[in-house]
Amino acid sequence: MYRETEILKQPGVGDPDVFGDMVINIGPQHPSTHGVLHLVITLNGETIKKVEPHLGYIHRSIEKMCESLSFRQFIYVTSKMDYLSSHINNHGCCLCVEKGMQIEVPPRAQVIRVLMDELTRLASHQLWWGAGAMDIGALTPFFYAFREREMINDIMEETCGTRLTMNYMVPGGVMTDVHPNFQKRVHQFIDHFKKKIDEYDELLTGNVIFQHRMKGVGYLSKEDAISYGCTGPTARGSGVNCDIRKLFPYEVYNKLQFDEIIETGCDCFARYLVRMKEMRESLSIVEQLIDNIPEGDIQAKTKAVLKLPKGEYYSRVETARGEFGVYIVSEGGTTPYRIKFRSPGYSNLSALDHMARGGKIGDLVAIMAMIDLVIPDIDR
Amino acid sequence: MSKDELKIKLAELIPSATFDESGEWLNINITPPDFMSSIEILRNKVELNFDYLFCQTCIDWKTHLMMVYHLESTAYRHQLVIKIQLDRNKPEIETVSHIWRTAEFHEREVYEMFGVNFLNHPDLRLLILPDGWEGRNPLRKDFEDPVNMIKL
Chain A
14 MYRETEILKQ PGVGDPDVFG DMVINIGPQH PSTHGVLHLV ITLNGETIKK
64 VEPHLGYIHR SIEKMCESLS FRQFIYVTSK MDYLSSHINN HGCCLCVEKG
114 MQIEVPPRAQ VIRVLMDELT RLASHQLWWG AGAMDIGALT PFFYAFRERE
164 MINDIMEETC GTRLTMNYMV PGGVMTDVHP NFQKRVHQFI DHFKKKIDEY
214 DELLTGNVIF QHRMKGVGYL SKEDAISYGC TGPTARGSGV NCDIRKLFPY
264 EVYNKLQFDE IIETGCDCFA RYLVRMKEMR ESLSIVEQLI DNIPEGDIQA
314 KTKAVLKLPK GEYYSRVETA RGEFGVYIVS EGGTTPYRIK FRSPGYSNLS
364 ALDHMARGGK IGDLVAIMAM IDLVIPDIDR
Chain B
138 MSKDELKIKL AELIPSATFD ESGEWLNINI TPPDFMSSIE ILRNKVELNF
188 DYLFCQTCID WKTHLMMVYH LESTAYRHQL VIKIQLDRNK PEIETVSHIW
238 RTAEFHEREV YEMFGVNFLN HPDLRLLILP DGWEGRNPLR KDFEDPVNMI
288 KL
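Keeping their order, the protein sequence lines are chains A and B.
In this text, residue positions in the first sequence follow my numbering: the first is 14, and each later residue adds one.
In this text, residue positions in the second sequence follow my numbering: the first is 138, and each later residue adds one.
Careful, some of the hints might be misleading.
Stated by the list, open to error - Derived PhoX-like pairs (lysine-lysine); straight-line CA-CA distance at most 25 Å:
(1) A:K323 x B:K278
(2) A:K77 x B:K220
(3) B:K220 x A:K323
(4) A:K259 x B:K140
(5) A:K320 x B:K278
(6) B:K220 x A:K112
(7) B:K199 x A:K323
(8) B:K278 x A:K77
(9) A:K235 x B:K182
(10) B:K278 x A:K93
(11) B:K227 x A:K77
(12) B:K140 x A:K323
(13) A:K62 x A:K235
(14) A:K320 x B:K199
Since the hints were made in silico from the structure, they are not lab data.
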């Protein structure tokens, strides 16, 4: 048994040449990992030599679970993967089933779906902004962000019944019509948030200390971003155009006016700017649609038991974190034969080692915050 | 390149491949001996330039395993699905992690979930499953776990 004081007295303590590398565990229970992520970090002094993620602390084997659920049921399990983009996860699954069954979604349902997607994206980015700033050491943004996020959660609660895992979309449309207060509440939110997002920028974006923590940290070149399969703001901060809403538009996205935000800084600050600007774009999409919800059905007529024809189906949607893919292999039965979820966080996390290597340990938290990790999305 | 153009081009470059056009994207079946040379062609030919591997997974067909690679070119925006049959008792395939770095994680997942051995993989260890997990591969169809699995 060593006593710590005895070790400290030894000559050469703190000198990496004498004592070699140091291995540090971060997590699985650590506030900056936003869940149960375990990182084993090899350090030389303060410089990171290697980051090794250990996953699976919240692995529920959702893919295996889905193999015994019907094509209507499995959609609701996916809300529990990326719980901050649950609408968009459900949306991806619905699109895949609709592709197989060749269901035409009524226009009203399409618009409601896109509205819900964009509100979810806003809520997710707000949480990222608050929690990310908190990781870096600024506590105030957290409370600001949650004040606005609460308004979206209230809107969701009225229409969907729940605040986090909404389970609102069904194959062929949405489950129920929107609440009578929906439009009024969304208008209130738009008016409120339009002023507040400028406040966000004043509070954090222009802050010199914050910029020093972000600029030049976690460099990821365009080629590496593609090779690592990064998507979403992580890749768009490196100049990759990968917005599925623009490249392969689904629902009504091709009729909307919005820009794909691309920054070429390749560092944490570029990723930060992408998300901040995306919030404004999402807000503009919501604004375009909220007064133009067409009248009509909210669901297409579908059979009670869905049987996807034999074959393979793949659908792609853009969640708040990147490209979410659903790959269904059907044998013609009532349950999928094999299902694979391509979660954005999993691929983005694989680039963490590359981004952090050679940097300082203090920057690791900033890099993780700007990838916007959601662990249930990674573990599935 | 459109689906048909891609098919004509690939049939020229990889003569042993067979094609299936039933799905949304062009499917190409490659035999394991031709795998590495085909992958090099797909990645490095300027007019193909498949630089983005957006999904990599495996399917257990009970008689054999099938690796599935979804590829896209970020320059031309054409997609391709590669399929390779593997022996179920001794599944082995070369790694592609030196070509698409994202494959390193995806292959580790397939390794533990299906038991596919990726040759020359830099770091083939368990990723999601707990340490000390041996042999049994959860996503195979014959996997049984009476304690943790609830049959519906």
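Worksheet entry | Violated hints - listed by number, lowest first | none
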